[in-house]
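Chains as they are written, first to last, in the numbering used here: chain A, 1 to 161; chain B, 1 to 554.
Calculated from the structure, these hints are not laboratory results. Take these hints with a grain of salt, some might be off.
Stated by the list, open to error - Taking lysine to aspartate or glutamate pairs in the DMTMM-like style, the calculated list, with each CA pair at most 20 angstroms apart, reads: (1) Lys8(A) with Asp152(A); (2) Lys155(A) with Glu17(B); (3) Lys138(A) with Asp21(B); (4) Lys275(B) with Glu62(A); (5) Lys275(B) with Glu95(A); (6) Lys299(B) with Glu372(B); (7) Lys10(B) with Glu62(A); (8) Lys80(A) with Glu35(B); (9) Lys269(B) with Glu102(A); (10) Lys138(A) with Glu112(B); (11) Lys138(A) with Glu147(B); (12) Lys275(B) with Glu56(A); (13) Lys155(A) with Glu285(B); (14) Lys70(B) with Asp276(B); (15) Lys155(A) with Glu261(B); (16) Lys269(B) with Asp152(A); (17) Lys219(B) with Glu285(B); (18) Lys80(A) with Glu34(B); (19) Lys80(A) with Glu285(B); (20) Lys138(A) with Glu261(B); (21) Lys155(A) with Asp276(B); (22) Lys246(B) with Asp83(A); (23) Lys6(A) with Glu66(A); (24) Lys223(B) with Asp302(B); (25) Lys8(A) with Glu129(A); (26) Lys165(B) with Asp83(A).
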Amino acid sequence: MPQLLKDKRVIDDAWTLLDTDSQSLPDGDILLTYSQWQTFSEQLESHSGQIGVVIEGNTEIEDIIEPLLKLPLIAINFPKFADGRGFSLATLLRERYNFNGEIRAVGGFIRDQLYLLSRCGFNAFKFSEDTDLSEVAKSLEDFSETYQVSADQEKPLFRRR
Amino acid sequence: MYRYDNYDHKIVNERVEQFRDQTQRYLAGEIADEEFLPLRLQNGLYVQRLAPMLRIAVPYGMLSSAQVRKLAHISRVYDKGYVHFTTRQNIQLNWPALEEVPDILAELAEVEMHAIQTSGNCIRNTTTDQFAGVAKDEIEDPRPWCELIRQWSTLHPEFAFLPRKFKIAVCGSNEDRAAFLLHDIGLQLVKNDNGELGFEVFVGGGLGRTPIIGSSIRKFLPKQHLLSYLDAILRVYNRFGNRDNKYKARIKILVKAWTPEVFAQRVEKEWENIKDGPSTLTDSEFARVKSFFPLPEYKVIDGAGSAKKLAATADSNTAFSRWLDRNTELQKQSGYRSVTLSLKPAGVAPGDVTDKQLETIADLADRYSFGELRATHNQNVVLTDVNESDLFELWQQAKDSGLATPNIGTINDMICCPGGDYCSLANAKSIPVAEAIQRKFSDLDYVYDLGDLELNISGCMNACGHHHIGHIGILGVDKKGKEWYQIQLGGSANKNASLGKVLGPSLSRDQITDGIEKLLDVYVENRIADESFLNTYQRIGIEKFKERVYAPAT
Numbered sequence: 001m002p003q004l005l006k007d008k009r010v011i012d013d014a015w016t017l018l019d020t021d022s023q024s025l026p027d028g029d030i031l032l033t034y035s036q037w038q039t040f041s042e043q044l045e046s047h048s049g050q051i052g053v054v055i056e057g058n059t060e061i062e063d064i065i066e067p068l069l070k071l072p073l074i075a076i077n078f079p080k081f082a083d084g085r086g087f088s089l090a091t092l093l094r095e096r097y098n099f100n101g102e103i104r105a106v107g108g109f110i111r112d113q114l115y116l117l118s119r120c121g122f123n124a125f126k127f128s129e130d131t132d133l134s135e136v137a138k139s140l141e142d143f144s145e146t147y148q149v150s151a152d153q154e155k156p157l158f159r160r161r
Numbered sequence: 001m002y003r004y005d006n007y008d009h010k011i012v013n014e015r016v017e018q019f020r021d022q023t024q025r026y027l028a029g030e031i032a033d034e035e036f037l038p039l040r041l042q043n044g045l046y047v048q049r050l051a052p053m054l055r056i057a058v059p060y061g062m063l064s065s066a067q068v069r070k071l072a073h074i075s076r077v078y079d080k081g082y083v084h085f086t087t088r089q090n091i092q093l094n095w096p097a098l099e100e101v102p103d104i105l106a107e108l109a110e111v112e113m114h115a116i117q118t119s120g121n122c123i124r125n126t127t128t129d130q131f132a133g134v135a136k137d138e139i140e141d142p143r144p145w146c147e148l149i150r151q152w153s154t155l156h157p158e159f160a161f162l163p164r165k166f167k168i169a170v171c172g173s174n175e176d177r178a179a180f181l182l183h184d185i186g187l188q189l190v191k192n193d194n195g196e197l198g199f200e201v202f203v204g205g206g207l208g209r210t211p212i213i214g215s216s217i218r219k220f221l222p223k224q225h226l227l228s229y230l231d232a233i234l235r236v237y238n239r240f241g242n243r244d245n246k247y248k249a250r251i252k253i254l255v256k257a258w259t260p261e262v263f264a265q266r267v268e269k270e271w272e273n274i275k276d277g278p279s280t281l282t283d284s285e286f287a288r289v290k291s292f293f294p295l296p297e298y299k300v301i302d303g304a305g306s307a308k309k310l311a312a313t314a315d316s317n318t319a320f321s322r323w324l325d326r327n328t329e330l331q332k333q334s335g336y337r338s339v340t341l342s343l344k345p346a347g348v349a350p351g352d353v354t355d356k357q358l359e360t361i362a363d364l365a366d367r368y369s370f371g372e373l374r375a376t377h378n379q380n381v382v383l384t385d386v387n388e389s390d391l392f393e394l395w396q397q398a399k400d401s402g403l404a405t406p407n408i409g410t411i412n413d414m415i416c417c418p419g420g421d422y423c424s425l426a427n428a429k430s431i432p433v434a435e436a437i438q439r440k441f442s443d444l445d446y447v448y449d450l451g452d453l454e455l456n457i458s459g460c461m462n463a464c465g466h467h468h469i470g471h472i473g474i475l476g477v478d479k480k481g482k483e484w485y486q487i488q489l490g491g492s493a494n495k496n497a498s499l500g501k502v503l504g505p506s507l508s509r510d511q512i513t514d515g516i517e518k519l520l521d522v523y524v525e526n527r528i529a530d531e532s533f534l535n536t537y538q539r540i541g542i543e544k545f546k547e548r549v550y551a552p553a554t
């Protein structure tokens, strides 16, 4: 079973990422892109497993957010780790839209971004299969204090110090 | 100045340990080069032409004597015994070893310093007026606001991977000494009709390849909303700034593409959602941060008597009188002056100082200016609060250490990037050009007669030497492997900011000082009364200058 770093723990990842050219839906929990989600909308209604959607950093989520908020999982793709748009999207999902489900980082993000990603609201991280997840999880603890408001800290330091 | 509490210490110490771990993993081959690149950049570490370069943050230019002594120590132990003051009021080490950088950061943390976000595509050091707190034309001391921005921007989780670097400047006075219109965000402290304090917000200014003067997007932002409004601007930029082409990735390109009006609407729309949230600043936070910037304990001085005595000393010593004229400024407190220690003697790279000089600077600050000093964006050092009766003594000591060259504001007080001698981006060397100009114009009477003149040199179009805003700007260009220099005229960084115009074809290194001399001749021949170079240029235009410089040799 593939592994996932979620809520600071290494767990089995039961989700299947739908292939780009897939014509049908596999059983179980599936993760699909926003356009696949639209394409398969009818079949998805009778799907027995859970559904999650992957969005890209440039998504204008304001326009599409309503139905997504009912899902248990929204994944945000990083085309490369230097592309920081996903940090803002996760922040919006948590702070503006009060999304309580799983926000999963997928794609090219790196270990050394874990602390900042988690502060923005990501709680699950999909690394490549050869990654030592308990080792990389250490980077979630890089800092124990912080100045700003964020998804995991509702008061800035100046309201606490 | 601001002092760390346990929270600040903890954050900076944890950053040191984070970077130590990253460096160890990199050296062990566990982090790829391209992944380590932004990690080291976010800690100020470049790999330059000859060695790594470490840029140390000097928040809004403020330094204590203890910090300066620590920098002298670090430069001696970990480097070659000198440091470089940059145009962002920061300090650079040119020769540190990568393996030792974590130790350098740990030493810096001991004196409440760090290198966080001094490079990379993140929010950089906030800059301001070197005379903040003592300037006679000040509306409000900008330093507490800079400190609030420093804390907000430090390790901000959402904005560590922006499309491109991001620079903020705050101006608290009527005269602009922070070039705030040439920043990604420029904040002008203002009071509204009810006497309430706030900011006029400018965005999209900048130098580099596409120099643009910032546009006002909000006439009055009440002070308590500063941080949420900055969050709104940064969020819009982070989501919609160009990430495909690094030369089109600065916020100025987005503002221009959308127009400032549309950009302002997007920001306001974003801001509506976070305005009045927990980031709204509180009166107790204003009071806390402000309390770190009290007036020094000035002596009560008879201003008229002090001025008279000083004039008498100056009358009897021409060298002192010159220095007094050029290198000191009146300030708010009667009987006190601000002193600029020149880091621009001929023959030294502008902004470079040795470990010994740093120690002298620290001693002078302790002896004469309450133990504090400022780095300036013109690459000099300022002691803001010197009793006029101490000036002669201070001058003698500064002179003995090569820190009293009486050239502030003159053609020899040039801004100059490290250029091709150090920087791997540069197309041409800049330091030897600066030196040649200083040597050519070494006659002080002539230099003083020219008056205020800003000459800025960049070794490439990234414009670290601010050539677009020099009255005379020099830009190094590469033509078929040879170094050439383009001249621009008429730039200015004050409130009526203007960008220089290209004079004509580039000159070779051999021609550049003669070219500058011809420009100065045209000025001297055409000026009316004590008109400045910039004003003469604005009145007569570029043609006369052009004709002279490119006239066939006779």
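(message) With the threshold set at 20 angstroms, check whether the alpha-carbon distance from Lys223(B) to Asp302(B) stays at or below it.
(response) With Cα atoms ~37 angstroms apart, Lys223(B) and Asp302(B) exceed 20 angstroms; violated.
(message) For a C-alpha distance cap of 20 angstroms, please report whether Lys155(A) and Glu261(B) respect it.
(response) Violated, at about 32 angstroms.
(message) For Lys269(B) and Glu102(A), compute the direct alpha-carbon distance and say whether it is at most 20 angstroms.
(response) Roughly 27 angstroms between the alpha carbons, so the hint for Lys269(B) and Glu102(A) is violated.
(request) Could you grab the alpha-carbon distance between Lys6(A) and Glu66(A) and see if it respects the 20 angstroms cut-off? (result) Distance of about 25 angstroms is beyond 20 angstroms: violated.
(message) Does Asp83(A) sit within 20 angstroms of Lys246(B), going by the straight-line distance between their CA atoms?
(response) holds, 12 angstroms
(request) For the pair we were handed, Lys80(A) and Glu285(B), check the Cα-Cα distance against 20 angstroms. (result) violated, 38 angstroms
(request) Sort out whether Glu129(A) lies within 20 angstroms of Lys8(A), counting only the CA atoms. (result) holds, 17 angstroms
(request) Take the C-alpha atoms of Lys299(B) and Glu372(B), compute the straight-line distance between them, and say whether it is at most 20 angstroms. (result) holds, 17 angstroms
(message) With the threshold set at 20 angstroms, check whether the alpha-carbon distance from Lys155(A) to Glu17(B) stays at or below it.
(response) Answer violated: Lys155(A) to Glu17(B) is near 25 angstroms, above 20 angstroms.
(message) Check the hint pairing Lys70(B) with Asp276(B) against an upper bound of 20 angstroms on the C-alpha distance.
(response) Violated: Lys70(B) and Asp276(B) sit about 42 angstroms apart, past 20 angstroms.
(request) Please work out if Lys155(A) and Glu285(B) have their alpha carbons no farther apart than 20 angstroms. (result) holds, 13 angstroms
(request) Would you check the hint for Lys138(A) and Glu261(B), treating anything up to 20 angstroms between C-alpha atoms as holding? (result) violated, 45 angstroms
Comparing the model with each earlier hint shows violations of hints 2, 7, 9, 10, 11, 12, 14, 15, 16, 17, 19, 20, 23, 24; every other hint is respected.
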